[in-house]
Structure formats: C-alpha cells, structure tokens
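Chains as they are written, first to last, in the working numbering: chain H, 323 to 864; chain Y, 264 to 771.
Treat the hints with care, since some could be wrong.
Unchecked claim - Chain H residues, not near chain Y, derived (Cβ > 12 Å throughout): (1) R332; (2) D336; (3) R428; (4) G443; (5) Y837.
Unchecked claim - Once the Cα atoms are required to be at most 16 Å apart in a straight line, the calculated EDC-like pairs of lysine to aspartate or glutamate come out as: (6) K502(H) to E464(Y); (7) K808(H) to D785(H); (8) K606(H) to D470(Y); (9) K502(H) to E463(Y); (10) K446(Y) to D576(H); (11) K603(H) to E463(Y); (12) K446(Y) to E564(H); (13) K502(Y) to D576(H); (14) K437(Y) to E536(H); (15) K448(H) to E431(H); (16) K373(Y) to E536(H); (17) K568(H) to D447(Y); (18) K502(H) to D470(Y); (19) K503(Y) to D576(H); (20) K568(H) to E445(Y); (21) K446(Y) to D650(H); (22) K494(H) to E465(H); (23) K373(Y) to D537(H); (24) K363(Y) to E536(H); (25) K501(Y) to D576(H); (26) K721(H) to D650(H); (27) K555(H) to D447(Y); (28) K502(H) to D467(Y).
In case anyone wonders, no lab produced these hints; they're calculated from the structure.
Note that the structure is predicted; figures quoted are calculated from it, not measured.
All C-beta atoms, glycine included, are put in the ideal place defined by N, C-alpha and C.
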Amino acid sequence: MKVCLLYEDRERADAEPYYDTKSIVQDLGLNTLFLASAKELTYENGELKKLEAADPYLIETLGNIMMVPLASQEEIRFRQDVVADSLKAPDMVRGLYRISTDTLNRWNELGRGIRARLRQGSPVTKLTTEIRVLHLLCDALAEIRGLMEQQENLSSRGFLAFREEFYRAFSKEREEIVRKILADISFYTDGLDQKDEGRDQLVRPRIVFECGLEDGLKLGSLKLREVSSQSTKFLRRGSTREKIQKFLESHIPDSFSVVEDERIREQTQTLEYGVVSYLVKRLKWFQDEFQTFFDQLKLQSAFYLSAVQMVQQIKRLGMGWCYPEVCDRRDLEFEELKEVVMGIEQRVNVIGNTCSLPDKDLLIVTGANQGGKSTFLRSIGIAQVMMQCGLPVTAKSFKSGIFPRIFVHFTRREDSEMNSGRLDEELNRMNGIVEHIGDGSLILLNESFATTTEKEGSVIAYDIIRALKEAGVRILTVTHLLSFAKRVYEESKDRPEAGVEFLSAERLPDGRRTYRMIRGEPELTSFGLDLYDQIVGKARIK
Amino acid sequence: MSEEIKTTTEEFSVLNLYPKEYEAEENEAFFRDLNLTQIIDRITAQWGKGVRKYYMYLPDDAREGEYRRAVYGDIRKEAVYDALIAFTKRQEDIAQLRGKRGNTSHPLQKAVWELCEEEAYGDAYEELAKSLSRVELSSAGMRQFLRILTEFLGSEQFNKFREQARVILGELRKMRFVVTYEKDRMSIELREEQGDGEYEEWLDSFDARADMRLLNPFGEDSAITELEQACLEIIESKKKKLFRALWSVAEQERNYINPVLSRFEQEVIFYLSYATLQRDTEREGFPFATPDTSGKGRMEAGGLYDLALALVSIPEGRKVIPNDFYYGEGDRFFVLTGPNQGGKTTFARSLGQLVYLTRMGLDVPAESASVPYFPKIQTHFSVEESVETGRGKLMEELVRLAPMMEDHKRGSFVVINELFTTAANYDAQIMGKRVLEHFLELGCMGIYVTHIKELAEGRDGVVSLRAMLNDSGYQTFEIRRAEAEDVACAANQVNKYRLTYDQLKERL
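Given only the sequences and the hints, what does the whole structure look like? Please build it.
Below, the structure is given as structure tokens:
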C-alpha cells in the first residue's frame with residue numbers, strides 16, 4: 323500500500339530537486355534548521371526536560387524533502403493540513419516513526435535487501451527467515467492499526483486517506499488469513515530455537531493433497547486439501563507408548579512409513595519445504611502490499627515529525643508562525659517575517675520585516691552595511707523554500723508565488739579578496755544557473771559580482787539582471803553595486819510597469835540601524851564609511 | 264519448372280534431386296572472402312550447427328538450383344512458413360522427450376516417455392499435413408513431400424502404435440489420488456474423479472494466481488524419487504491392467520520413425536533458416552528479390568546491397584547504400600577503382616553474394632535481380648596485413664591464384680580484390696592485365712577491384728566502375744560506370760577527420 327502523506331496520489335516527488343541544493347542549504351543556513359528539527363523537546367511540568375540528541379535520519383530526510391518543491395497550491399495545502407494534524411497528534415506521528423524504524427531495523431537484522439542476497443543461507447534458512455519476517459510485519463501492522471484506532475481528531479485528507487487505505491490493506495480479515503497460514507505452517511518453525519529435551523509437546527504437520535501422475539510418472543498437479551500443524555504428546559524414542567503408537571499407525575491401509583528409509587525421509591522433508599514455501603509464496607500479495615510500506619512510512623513520518631519538532635523550537639523562541647498562502651508569482655507580501663535560522667542560532671526572537679511588493683519582478687536592496695540586508699534576503703529565501711515544501715513559516719502572514727526553480731547566488735564572504743579567479747568562479751556559478759533557468763524561476767543574488775571593481779561589476783550585473791528579467795525570472799538582489807542600482811533606478815523611476823522596487827536598510831539620523839527595510843531611492847554610498855569609522859576608527863583610538 | 268520429378272519414396276530429398284551425404288566442411292575460400300561465413304554464423308547461432316553443412320555446398324547443376332528455388336518459393340508462403348516453424352518447435356519438444364527417455368533407467372518411466380514421444384511425433388506430422396494440404400503447393404519437392412507424408416500417416420504400423428499410446432497415456436493422465444501425510448506415514452487413496460482441494464480453494468479465494476501453483480514438490484529432477492516409487496507401487500497394486508500394458512510397452516521394440524521424414528526434418532531447416540533471416544531483414548526495410556534466372560546470360564541487379572554488412576548495421580542503426588549495376592551485351596568484367604573506404608570491397612562482395620545465393624536457390628538482397636548460371640564461384644582477396652615480406656606475400660597470392668586459372672574452372676564468376684599490392688606498380692600493372700585476359704579467355708565473368716587505373720582502360724569486355732565522392736569530397740558509397748581517375752587521398756583523409764581550417768574553427 324502507498325502511504326501518500328507527502329503527496330496525495332504518490333509516494334515520490336515527480337519534480338526535480340532545486341538546482342545546486344548544496345548552495346541553497348549553505349547560503350540560507352538551512353543545516354541549522356534541519357538539526358534543530360531533528361531534536362525532540364520534552365517538557366515536564368511545563369519545563370524543558372532535556373534535549374535529545376539529533377536523529378541523523380531526520381536531518382537527512384528533512385533536507386531531502388525540503389529541496390524538492392511542490393508544484394501547486396493544492397499540494398502545499400495538502401501538506402499543511404497534514405502538518406496541522408501532526409501538531410494536534412504528535413504522539414501518533416512519533417509512534418508511526420518509531421514503529422516503522424524498529425520494524426525496519428529488525429527486518430534488516432533478519433537480512434533484508436542486499437545482505438539477504440549476499441548471504442549464503444540454505445533454502446531452508448531463507449524460508450524460515452521469510453516466515454519470521456511475516457510474523458514481524460503482521461505484529462508491526464497490528465500495532466499501527468492500534469495507534470490509528472486511537473486517533474479521533476484527524477481532519478487532514480492525508481491522514482484520513484492513509485487510515486482508510488491502511489484499514490483496507492490490513493483489514494482484520496486479511497490479518498486473519500495471514501495469521502491462519504502462519505499457524506498452519508507453524509510446524510516448520512515451531513521449536514526451531516528449542517531443543518527436544520524437556521519438551522512434552524511436539525508440533526507435527528498434517529498435509530493432505532490430491533494429485534495425479536505427470537507424463538514421467540511423477541506426482542504432479544497437486545491440489546492442497548489440508549495443511550495444519552498438530553500438537554501431539556512428545557513420546558520418547560523407544561518407549562513402550564511410542565512402540566504401541568507405531569504399531570497402530572502401521573496398520574493404516576495403503577500406506578508406508580516415511581521415516582524408515584533415509585531417502586524417503588529426506589524426500590518427505592522436501593515435500594514439507596515445498597508446501598511451506600508454496601504457502602509463503604501464496605502470501606506474496608501481503609508481502610507486496612507492504613514491501614516498501616515501512617520504508618515510505620519511516621520517510622514520510624520523519625518529515626512530519628521534523629515539522630512537529632521545528633514548530634516546538636519556534637514556539638520556544640517565542641516567534642510567531644503561520645501557514646503561508648500562495649498567490650501570483652509577481653506578488654510578494656508578508657508581515658513580521660523573521661529569519662528563523664538566525665533566531666535558532668542566537669536563541670533569540672529576531673526583528674521581523676513587513677513588506678508588500680505587488681506586481682514586481684525585480685527587487686533591489688541597498689543600504690547600510692550591517693543593516694540586515696542579507697538577513698532580510700535570507701528570510702525571504704528560507705520562507706519561500708519552507709512554503710514550497712508545505713511547512714509553516716516564521717511570520718504573521720506570508721504570501722508568495724510558487725517557484726519550482728530557486729537559485730541562490732551569494733558571494734562567499736569567507737575569502738573575499740578581489741582577484742580574477744573569484745570573479746571567474748562567480749561567473750561560472752552564474753553560467754550553471756543560466757543553463758537551468760526555466761519557467762517559474764526565482765533568483766536571490768547577494769552581493770553578486772562584488773569580486774571585481776564596482777564599475778565592472780555594475781556592468782556585468784546590469785547585463786545579466788536585465789537578461790534574466792526579460793526572460794521572466796523573479797530577482798531579489800542585495801547589492802553594493804551602486805552605479806548599477808542607480809542606473810536601474812533612473813530607467814524605471816516613473817514607470818511602475820517596469821516592476822522594479824528599491825528597498826534600503828533603515829538608518830536613523832544618528833547612524834543607528836533598525837534592521838528594517840524601507841522603500842527608497844538608492845544612495846550613492848552604502849555607508850561603509852560609518853563602518854570604517856566604527857571599526858578602523860576605534861582601532862585607532864585603541 | 265512445372266515438370267514433376269519422379270523419384271522413389273526412399274530417394275526423396277527436399278534439397279537435392281537425389282539424396283546427398285553432407286559433411287560439414289568449409290573448403291572454399293569464397294565463403295570467407297564474401298563474408299558469407301558471417302551470414303552463416305548468424306544462422307547457425309539461431310538454428311544450430313546442423314544446418315551449416317547445407318550452406319557449404321552448391322547444388323550440382325542448374326536443374327537442382329531450380330528445384331530448390333521452387334521449394335523456397337513455397338516455403339516463403341506465409342501459411343507454409345508458419346506451419347513449418349510450428350513443426351520445428353514440436354521437433355524440439357520431441358527431441359526433449361527423446362532425451363528424457365535416454366536418461367532414465369526406470370523401465371516404466373522409459374516406456375511412458377516413449378509413448379509421449381510417439382504421440383508428439385504423430386501429432387506434429389498430422390498437424391503439418393493438415394496445414395500443407397490447405398495450401399496450393401507449386402513446387403515438385405513440396406508436393407512430393409506431402410504425398411509421402413500422407414501415405415505415412417495412413418499406414419497401419421503408424422496408426423497401431425499411435426492408438427496404443429493414446430489409450431495408455433489417456434488413462435495415466437486422468438488418474439487422481441489423495442495423499443495423506445501425517446504422523447510419519449503417507450497413505451494413498453485412488454479417486455475416480457477429479458476432486459477439489461479445499462485448502463487451495465481457500466487460498467484462491469483471496470488471491471487467484473494460477474502461475475504460482477505448487478506443481479512438483481519433489482524437486483525439479485525428472486528422476487522418480489523413492490517416495491514416488493513407494494506411491495507408484497501402491498497405485499500399481501490398484502491399477503493392475505493399466506500397468507501390465509505399460510510393462511508390455513517397456514519390453515517391446517517400437518520403431519515408428521520414418522527415415523525419409525527424418526531427412527526432411529533436417530533439410531527443411533536450410534530453407535526455414537534463410538526464410539527467417541529474410542523476414543527479419545525485410546522488417547528492417549531491406550528488400551529481397553527472387554532472381555530471374557531465365558534470361559540468357561543477362562547479369563544485372565537493382566538496389567543490391569551486402570547482406571552481411573546489412574546484418575551488422577541494423578543493430579547499430581547505420582545506413583547501407585544499395586547500388587545498381589548491369590553487364591551489357593559483351594561485358595564480361597568490371598574493373599572497380601576509387602578512393603579507400605569508398606565501398607569498393609562491399610560492392611564486390613555483394614556481387615559474389617548475389618551469385619552464391621542465386622545458385623543456392625534462395626532469394627537475394629536486392630530490389631530486383633537477373634543472374635545467369637555460373638558453375639563455380641571463385642574469389643581472391645588479399646590477405647590482411649601479414650608479417651610476411653613483400654615477396655612472400657606476392658608468392659602467397661600467386662599460389663592461391665594459380666588453381667583459379669585452371670581450365671576446368673571455365674565460366675566461373677570471379678571476384679578479385681586488390682591483387683599484387685606489394686609488387687612494383689609497373690609489374691603489378693602487367694600481371695594484372697594478364698590475369699584479366701586469362702579469365703576473359705576462360706569465358707568467366709566477374710569483378711576486379713584495384714588501385715591500378717590502367718587496368719580499366721580500353722579492353723573489350725571490360726567495364727570501368729568507380730566509387731564516387733560527392734562535391735565536398737566525402738564518400739558516397741555509390742558505384743557508377745565512370746572513367747578511372749587518380750584520387751587525392753590526403754585531402755580526403757583530412758576531411759574525414761574534420762581537421763580542415765574551417766572545421767577546426769567551428770569545433771574550437
């Protein structure tokens with residue numbers, strides 16, 4: 323059966339991940355978010371008890387799922403609803419994750435997958451293992467059913483459909499069938515781990531079949547009439563009671579003993595093996611039904627468990643959150659949007675920004691250094707990525723279009739010396755991005771082309787951004803390239819149809835920064851002098 | 264060839280006018296030179312080694328070739344082809360049963376396999392006779408075969424055995440019994456009618472997949488196990504009459520195989536194998552034609568291609584360029600010149616293949632063809648890069664050449680590819696002229712591929728052909744009647760490797 327908690331109609335994404343996800347994760351600082359969401363917060367009497375260690379599987383899974391965008395408002399709503407249910411019933415989500423993880427671990431111990439194929443087990447070992455797996459699956463599924471039966475407040479289409487499909491795939495009737503067959507063939511595995519000594523019961527098979535003769539005079543075209551396991555009293559070999567029983571049995575007409583002749587005894591074992599493996603094979607529908615179920619359940623419940631834990635973290639920091647809304651691609655509107663990664667890293671509630679950018683496809687942010695421009699850009703990028711995977715965002719409200727292609731082009735600050743190799747690297751990255759531009763592209767540029775002179779960089783930026791804009795790409799850029807910004811400003815200032823907006827980091831008359839972005843004409847200075855004074859000046863005084 | 268050939272039943276062969284013993288030996292050079300070996304290898308890979316020998320010998324004379332051509336015409340008919348393919352499939356089953364019979368030492372099992380074999384043999388031939396009699400057969404060979412077959416199917420011997428097999432097998436197959444295994448014993452109870460398997464039905468009620476039935480739980484091995492033997496003994500005690508009949512089959516010598524039919528089974532594969540190759544190749548868009556052999560000495564074809572080349576090109580999706588040619592009144596020899604890699608050898612081969620396949624009575628890889636009768640095919644291809652010195656190689660060439668020029672090889676079709684390449688140009692020119700003159704004197708026809716353009720000049724009966732280049736100097740693989748000319752090889756090579764200035768500019 324399909325789990326279908328991530329997508330309503332399928333298990334896997336049919337969209338491609340974003341291009342260069344490594345850069346997206348790195349430039350938006352998403353690893354911090356993955357890590358925080360992989361930790362369980364437990365409270366006792368309203369106090370944080372302790373922070374569990376991060377679950378590496380959760381980190382990996384959230385990272386993977388977040389990097390594949392959903393394609394429509396419908397898909398986003400679907401996941402948001404499942405997230406909402408998960409927040410209402412965190413124990414259920416945790417339970418599903420735990421059961422599937424445990425089951426897979428034990429299944430792997432029994433030699434699932436590649437290991438099973440490599441292992442040189444005899445056919446008999448393989449068969450008994452298969453039977454153990456059936457028991458394992460049956461028990462795990464029964465536990466899941468118990469868990470689902472306790473849920474009374476589910477309202478998301480995802481969980482309701484999951485429960486309904488689960489009840490169909492593992493109906494009581496089906497469970498009964500599987501358990502009956504397992505009981506019928508229990509003679510094959512029963513007592514496998516026990517020694518004969520000290521046992522008073524022996525489980526022995528009763529197998530009745532109708533058959534005919536094949537052309538080679540071999541028994542063929544079997545039809546089973548009965549297979550069962552019968553408990554009989556264990557009689558010691560050579561005891562009087564055993565002898566009496568043997569004598570009585572030998573008088574059954576048209577019969578022969580299968581234990582006296584060594585070859586016949588072996589062949590009878592082959593028959594037992596054949597019947598048992600046949601019955602296990604007849605449970606193939608059951609195995610098929612749940613072949614990938616636990617993998618998918620583990621994966622998909624991991625995502626929602628991460629969502630639950632992420633929201634817990636956000637709440638702990640006192641940040642507000644909401645489910646974003648999808649709107650036209652040319653619009654972007656938000657209230658009190660906060661950069662969640664920074665909040666988690668610094669363990670504080672950060673300053674939010676409110677902005678309305680209707681009908682714009684190029685946003686240029688300029689202004690004071692250390693004024694929160696990059697943070698502002700990142701907060702939009704993070705929210706956009708979170709929205710596109712169905713997660714809530716840290717804002718009072720957030721409205722944006724869907725961009726199946728998100729690109730980041732951030733200057734890498736760590737080694738910001740100016741040389742041609744750096745520009746080359748930047749242009750190379752841009753070349754990679756341009757190759758992947760397509761319908762619904764959003765690009766975040768952070769101090770791009772600042773690795774060359776302001777003049778050259780401006781020309782490069784102007785040409786590239788103009789081309790991208792003409793190709794219908796939505797561009798959000800933070801830049802120090804003031805000649806570039808000025809030029810765009812001059813060209814578009816009385817033309818609202820150009821779809822360009824300018825913001826700058828607010829700077830109070832006394833030079834203090836508010837970390838808020840305000841509308842405004844780009845100035846020719848980025849107040850680097852302030853910073854210079856702040857740092858160099860102080861150093862001088864020192 | 265409408266005249267019926269009267270041979271006695273024992274002398275019937277679908278391949279030859281009189282039965283011939285074949286030894287699988289590849290003794291003529293032309294098989295390799297013309298790449299016929301590649302074609303035959305491919306056929307052998309699909310049909311087994313047994314068919315190879317039939318491709319290795321040309322029919323004795325023109326009459327035998329026409330006998331085959333008529334048979335092949337019948338076999339190309341959809342209904343006949345399908346019936347024979349079905350028939351060969353059944354032959355495989357029979358061979359399998361024969362193998363099983365040979366492998367067992369259990370007398371009753373042996374007897375049952377023998378009965379099954381007789382049954383399958385009878386069914387296969389009966390089915391074939393039925394299918395063939397629904398078709399209008401036009402060849403003498405196939406008509407006589409059907410006559411012999413019908414006679415055999417009506418014979419008393421055949422029907423007696425067949426009826427016996429039918430009765431015994433029928434009874435064995437309908438027998439059903441119930442086996443109960445519990446408490447270390449197995450008991451058996453015979454049933455008159457097929458009963459049900461409650462457990463099986465319960466399994467089917469939630470999962471009806473017949474393909475995973477438990478058929479033989481006692482191992483895949485066809486030997487009767489001790490356990491089954493124990494069951495059989497109980498069954499035998501219940502079905503005494505049936506088992507007595509089986510024992511009597513076991514003790515009897517039953518020879519039901521007809522040797523004339525056996526020969527047919529073998530020989531018909533020759534036609535079937537080629538017909539299958541032809542169908543497969545046609546499906547890829549390559550035409551075949553039945554050559555016209557009635558014209559007096561006329562030799563020409565349209566859309567002729569190298570079949571061996573086509574077979575290797577199909578999986579790679581490469582194109583094969585067909586060519587037209589004709590020998591006009593008095594034309595005896597083509598002298599073919601032109602650039603390397605221009606399709607010269609391929610064209611020469613395709614001519615040789617055309618003559619060979621026509622001689623064999625088969626269809627040819629062309630849109631149309633007219634081919635006279637040539638008693639022999641002779642080829643001389645230069646052996647590829649050997650370590651021998653120039654003189655050694657010339658010697659080796661002459662040694663191979665000499666027997667081709669013997670008087671009794673009169674009227675052969677001759678394909679010569681690059682003679683005397685190691686000799687001095689002047690010598691090569693003289694020797695080449697002599698060779699050509701000699702073959703002309705012997706009344707041979709053929710093609711001579713060479714670099715020596717002088718060979719193509721001014722001689723009665725010799726036609727100059729050239730492998731053509733297009734305006735930009737690329738090979739077109741077209742062969743046309745044209746004057747021989749010197750070729751600028753170097754520019755051509757440069758072009759081929761896209762190393763001209765313009766090309767490099769474009770690439771870099």
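Hints versus structure:
Remark: the non-interface label on R332(H) is consistent with the geometry, its nearest Cβ contact in chain Y lying 25 Å away (cut-off 12 Å). The Cβ of D336(H) lies farther than 12 Å from every Cβ of chain Y, with a closest approach of about 30 Å, so its non-interface assignment holds. Under the 12 Å C-beta cut-off, the non-interface status given to R428(H) relative to chain Y holds; the minimum distance is some 26 Å. At roughly 19 Å, the least C-beta separation between G443(H) and chain Y is larger than 12 Å, which holds for a residue marked as non-interface.
Residue-level check passed: Y837(H) sits 52 Å from the nearest beta carbon of chain Y, beyond 12 Å. In summary, the hint linking K502(H) to E464(Y) is supported, as the alpha carbons are separated by about 15 Å, within the 16 Å threshold. Straight-line distance between C-alpha atoms of K808(H) and D785(H) comes to about 14 Å, which keeps the hinted pair within the 16 Å bound. Between K606(H) and D470(Y), the direct Cα distance comes to roughly 9 Å. Compliance with the 16 Å bound is thereby established for this hinted pair.
At roughly 14 Å between alpha-carbon atoms, K502(H) and E463(Y) fall within 16 Å of each other, so this suggested pair holds. At roughly 15 Å between alpha-carbon atoms, K446(Y) and D576(H) fall within 16 Å of each other, so this suggested pair holds. Distance hint between K603(H) and E463(Y) is fulfilled; the C-alpha atoms sit about 13 Å from each other, no more than 16 Å. Distance check on the hinted pair: K446(Y) and E564(H) sit about 12 Å apart at the alpha-carbon level, within 16 Å; holds.
A hinted pair counts as satisfied when its Cα atoms are at most 16 Å apart, and K502(Y) with D576(H) qualifies at roughly 13 Å. Distance hint between K437(Y) and E536(H) is fulfilled; the C-alpha atoms sit about 10 Å from each other, no more than 16 Å. For the proposed pair K448(H) and E431(H), the alpha carbon gap of about 13 Å is at most 16 Å, so the pair holds. With a C-alpha separation of about 13 Å, the suggested pairing of K373(Y) with E536(H) holds against the 16 Å cut-off.
Restraint check for K568(H) and D447(Y): satisfied, since their Cα atoms lie roughly 9 Å apart, inside the 16 Å limit. Between K502(H) and D470(Y) the alpha-carbon distance is near 15 Å, which keeps this suggested pair within the 16 Å criterion. For a cut-off of 16 Å, the pair hint linking K503(Y) to D576(H) stands: about 15 Å separates their Cα positions. Simply put, K568(H) and E445(Y) have alpha-carbon atoms about 12 Å apart, close enough for the 16 Å limit, and the pair holds.
Between the alpha carbons of K446(Y) and D650(H) the distance comes to roughly 77 Å, so the proposed pair goes past 16 Å and is violated. The straight-line distance between the Cα atoms of K494(H) and E465(H) is roughly 13 Å, inside the 16 Å bound, and the hint therefore holds. Distance restraint check for K373(Y) and D537(H): the Cα-Cα separation of roughly 10 Å lies within the 16 Å cut-off, and the hinted pair is therefore satisfied. Only pairs whose Cα atoms come within 16 Å are accepted, and K363(Y) paired with E536(H) is accepted, the gap being roughly 13 Å.
Note on K501(Y) and D576(H): the hinted pairing holds, with a Cα-Cα distance of about 10 Å set against a maximum of 16 Å. Proximity of K721(H) to D650(H) is assessed by CA-CA distance (about 9 Å); at most 16 Å being required, the pair is judged to hold. With a CA separation close to 14 Å, the supplied pair K555(H) and D447(Y) stays within the 16 Å bound. Annotation: proposed proximity of K502(H) to D467(Y) holds, straight-line Cα distance about 15 Å (limit 16 Å).
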